[in-house]
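Enquirer: Next come the chains, spelled out residue by residue.
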Amino acid sequence: MMSDQVMSEQKSSRPPFIGFGLGLRSEHYTDILEGNPPIDWFEVVSENFMVPGGRPMQILDQIKEKYPVVMHGVSMSIASTQPLDMDYLTELKKLAKHVQPKWISDHLCWTGVHGVNLHDLLPFPYTAEALDHIVERVNTVQDFLDHPLALENVSSYVSFKQSELSEWEFISELTKRTGCWLLLDVNNVFVSSYNHEFDAMEFINGIPEDRVVQFHMAGHSDYETYIVDTHDAPVRDEVWDLYRACQKRFGPVSTIIERDDNIPPLAELMPELEKIRNIGYEIHPQLKPQAA
Amino acid sequence: MSTLKEIQDKFQKSILQQDATVMDDIVDTSKEERAVLLNVYQHAYGARLIEFLENDFPKTLSYMGDENFENIAKDYYEVHPSDNPNARWFGRHFPQFLAKHPELINNPECGELAHLEYALGTAFDASNNKPLTREDFAQLSPEDWSTLSFKAHPSTTRLSLKTNASEIWSSLHKEEELVESKSKALIIEIISWRGDNMARFRTMSYDEAMIWDEANKGANFGQICEMLGTYWPSEEAPLKAAGYLQAWIASEFLISPV
Numbered sequence: 013m014m015s016d017q018v019m020s021e022q023k024s025s026r027p028p029f030i031g032f033g034l035g036l037r038s039e040h041y042t043d044i045l046e047g048n049p050p051i052d053w054f055e056v057v058s059e060n061f062m063v064p065g066g067r068p069m070q071i072l073d074q075i076k077e078k079y080p081v082v083m084h085g086v087s088m089s090i091a092s093t094q095p096l097d098m099d100y101l102t103e104l105k106k107l108a109k110h111v112q113p114k115w116i117s118d119h120l121c122w123t124g125v126h127g128v129n130l131h132d133l134l135p136f137p138y139t140a141e142a143l144d145h146i147v148e149r150v151n152t153v154q155d156f157l158d159h160p161l162a163l164e165n166v167s168s169y170v171s172f173k174q175s176e177l178s179e180w181e182f183i184s185e186l187t188k189r190t191g192c193w194l195l196l197d198v199n200n201v202f203v204s205s206y207n208h209e210f211d212a213m214e215f216i217n218g219i220p221e222d223r224v225v226q227f228h229m230a231g232h233s234d235y236e237t238y239i240v241d242t243h244d245a246p247v248r249d250e251v252w253d254l255y256r257a258c259q260k261r262f263g264p265v266s267t268i269i270e271r272d273d274n275i276p277p278l279a280e281l282m283p284e285l286e287k288i289r290n291i292g293y294e295i296h297p298q299l300k301p302q303a304a
Numbered sequence: 052m053s054t055l056k057e058i059q060d061k062f063q064k065s066i067l068q069q070d071a072t073v074m075d076d077i078v079d080t081s082k083e084e085r086a087v088l089l090n091v092y093q094h095a096y097g098a099r100l101i102e103f104l105e106n107d108f109p110k111t112l113s114y115m116g117d118e119n120f121e122n123i124a125k126d127y128y129e130v131h132p133s134d135n136p137n138a139r140w141f142g143r144h145f146p147q148f149l150a151k152h153p154e155l156i157n158n159p160e161c162g163e164l165a166h167l168e169y170a171l172g173t174a175f176d177a178s179n180n181k182p183l184t185r186e187d188f189a190q191l192s193p194e195d196w197s198t199l200s201f202k203a204h205p206s207t208t209r210l211s212l213k214t215n216a217s218e219i220w221s222s223l224h225k226e227e228e229l230v231e232s233k234s235k236a237l238i239i240e241i242i243s244w245r246g247d248n249m250a251r252f253r254t255m256s257y258d259e260a261m262i263w264d265e266a267n268k269g270a271n272f273g274q275i276c277e278m279l280g281t282y283w284p285s286e287e288a289p290l291k292a293a294g295y296l297q298a299w300i301a302s303e304f305l306i307s308p309v
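Going down the list, the protein sequences come from chains A and B.
Each residue of the first sequence is one higher than the one before, counting from 13 in our numbering.
Each residue of the second sequence is one higher than the one before, counting from 52 in our numbering.
It is worth saying that the hints were derived from the structure and are not from the lab.
Simulated pairs of lysine-lysine, DSS-like, Cα-Cα distance not exceeding 30 angstroms:
1. K106/A <-> K181/B
2. K188/A <-> K56/B
3. K181/B <-> K76/A
4. K56/B <-> K105/A
5. K181/B <-> K105/A
6. K181/B <-> K78/A
7. K173/A <-> K82/B
8. K23/A <-> K56/B
9. K173/A <-> K64/B
10. K61/B <-> K173/A
11. K202/B <-> K106/A
12. K173/A <-> K56/B
13. K181/B <-> K109/A
14. K109/A <-> K202/B
15. K23/A <-> K260/A
Calculated from the model, a selection of chain A residues having no Cβ within reach of chain B, i.e. all distances over 12 angstroms:
16. G47
17. Y79
18. S178
19. R189
20. P277
21. E280
Cβ coordinates follow ideal geometry from the N, Cα and C atoms, glycine included.
Next comes chain B alone, as it looks inside the complex:
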């Protein structure tokens, strides 16, 4: 007789690999054959995982169409079966999976659209760290500024898009005529975050994106002013840096680095 562990191993294999060994352990009813009854679980497994992805990537679904999305979703869960008790995290590899999927080699906007949707999902339920305010900075002495360091709020995600995925997202969001996909000659720098309880994104200029990324790698205010000197006359760089910092504070992008 099979043990509980053996039965669970076989049952799981019947769902993940359509292995029929567990059929020896289950019974027919007077109304139905065991294979049909087992198929209720086999069918529900895929349907449920596809539904999780549809819920987390509604615009990617809308853009790709039901059939394409479902086919690639099936490939996804075969490579990445859920390993977390919370379905919230099942789709975390999906954007990268789409980006690398052979059938989407000519549609890089699909992976980028999914990346943007995942970033917005992250913004939606990221932790509630207290954002830094203008008052926090007002308390700094002039000598503190040059060594001032930064830390991004967990709701923020930075993306560098090589396609017009953000425009596609916007046209789907506004239910406007879908814009045609195209690869961009220049990268579109994006930041997503939670503001007023809403998940949002906006574009960043190249200099702002550069100093944001460097600040989050540890560059201090003095260093990012120097970096901005590659874009702007050195006497204007500190003013530019202060302007960007002000915008980050107003949008609640920053938390205390300690």
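Isolated chain A (complex conformation):
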């Protein structure tokens, strides 16, 4: 009998490295489509385009003609004990067929039970029971979607007495048993390490080197006794340090700035993107374009 890992590796080949990009936000549509800014790729929020038609799809069609696109969802609710929402997955698959993303991602979390959606990325205990449950659901989703699936570590504010594994042990087991890819949100590692008082480098060094296909970089809000993942500010110094460590351990890995609130003009985000790119080039000089 084949092991889980061998079986899972057949589900999707490793997505390619596609460079340094941004989360696509409506505030930047005009600048992107009229200005050709030096952005390698865009991550789009899947649900924003899971609408019948109109302008959102037209914009997305124009973006995908010019740039590689990755679809990033917030509602798969992969850790929920409610049955998988096959209507949602069918819509997601339909969108993916149209967009042809390099991969599809969502979060390692749950968003609600009993038919309610709390529209949040909710935590759960890292137990063997939860692992078995989520492995089964990830396998179902991977079999259903025609694209590679990457799951993202979320920021969390509470932890559970029931947890038997660390977050990184849980994620490592999940990727080993399902072959799913990982989207490592570097800011979320920092936020959770602060909130749950663990060493962020222990997390990073505990994740398999060969499963991470994307990094998120973002800012957060510090409330002294805890940090909230607000994604509304520039990347903090501590997170830059972790990004360097991540590019060294997992890289080269495609990276975006994920700004969700307090969104500045595109021109203000470009220096931050350049910093992300330059650190990537510094650690992986082979990526740097050669002068003509």
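Chain B: place on chain A using the hints.
Expert: Coordinates of chain B only, in the frame set by chain A:
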């Protein structure tokens, strides 16, 4: 030990009903008590849902004011928690909720303003069905006309407003001095749609609104000509009907009924 399902049930109750049972399952940190940490989720829940409504009903928010809007938004999500993975549809009951809210009994324009905003949102991202064109109609033989039936483009919504909500919308849109709300002695008939990629609305005359509504219930061209005979001399009715039809085609209101 609680199972995953039990923990999720309790966690959700702590957010929706401020039930404290899940506190037994979570831990303090050396820096903070668990109740404060759990409150991050409890607070974020309401704030996020209110933000969804603010984004979908910006003019209703502007008209009602932040505090009034927020208070009624809180009532709304208690009665209508989100049941869809896509936040786009969270506000679909909001206009009707405002229309029936006891605190707005003397402000029916609030619900109607929200109805208009929701209709414009529908126009914005409705499906891209191919609209009928003049060329489609040019191919019809004279005998086809009397039995010709119609189907509205999914971007269209018809509203019959009993207040001047559409004027309030316009004054907010143009950032002009806000017009005073008033109930209208006569209903204002409105249609909203997507034209040139923009969500739009315009008023309809009573006869146009009547035949539009009847056409979308299945009345054919011959029948709507007869109906217009109640407004116009019978010899003018077909010309009136053709004029309205021409305007609907030009505005891309119609799709193929089959």
